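Enquirer: Sequence:
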Amino acid sequence: MNKVRDWFDRLTLYFPVLLMGLLALASYWLVRSTPGPEQKQPAAAVKHLPDYFMHQFSVKTFGTAGQLKSEVMGLEARHFPDTDTLEIDRVHIRSFGVDGQLTTATARQALVNSDASEVQLMGQALVERQASLDKDGKMTAALSFRGEFLHAFMDTDRIQSHKPVELTRGSDRFTGNSMDYDKRAGLMLLTGRVRGHLVPSKTP
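Each position in the sequence shown, counted from 1, maps to that position plus 263 in the working numbering.
No incorrect hints appear here.
Straight-line C-alpha distance at most 30 Å; calculated DSS-like pairs for lysine-lysine:
| id | residue 1 | residue 2 |
| --- | --- | --- |
| 1 | K446 | K398 |
| 2 | K398 | K323 |
| 3 | K446 | K401 |
| 4 | K446 | K323 |
| 5 | K426 | K446 |
| 6 | K310 | K323 |
Here are the computed distance ranges between Cβ atoms for each label pair:
| id | residue 1 | residue 2 | range |
| --- | --- | --- | --- |
| 7 | G326 | A405 | 22 to 28 Å |
| 8 | T324 | L396 | 22 to 28 Å |
| 9 | R456 | T346 | 31 to 37 Å |
| 10 | E391 | L450 | 15 to 21 Å |
| 11 | A394 | A328 | 20 to 26 Å |
Hints are computed from structural coordinates only; laboratory data are not their basis. Fair warning: this is a prediction, and the values are worked out from it, not measured in the lab. Using N, Cα and C, we set each Cβ at its ideal position, and we do this for glycine too.
With these hints in hand, go ahead and build the complete structure from the sequences.
Expert: Shown next as structure tokens:
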């Protein structure tokens, strides 16, 4: 009986140690069995791929009053969702300013933003603005721009190019290695090798 009591006393004495050992083993097993945190997968790169095509098309945009604002036509177009732009082959664009003045643009290829307010023309680019009356009732000469690259901002009446351009205003002709034309400010900046040919106006 005494031996049983001694054995029980010893078991009681070492029981906390045994319990702590079992808890440590259980904790170790849980740590080994628990899956580690998921590794974050790198975000997939957005691919510059077209999501739809158009063939021999015409797209028109209208102002808030319902008037025709612009018309974009082309042989083929590809829409890229990552930039919300249209890449157009054999493009022809008509754009009407706030005063109703018509500006046309053509090129072998163009990159057009979602509302056709910004157009990059590439390859045999030509932008033409018809002659019109200014606010004082005076006739302004027709204006045209030619080059291998023209960047037209339709809403702000601005045309830029970092490549050689040819500007024709009525009978006058100018060339330069780069250009920044701001119709609203009435400014034309030609840089690089600039040449001009001015035709004197006829006196009545």
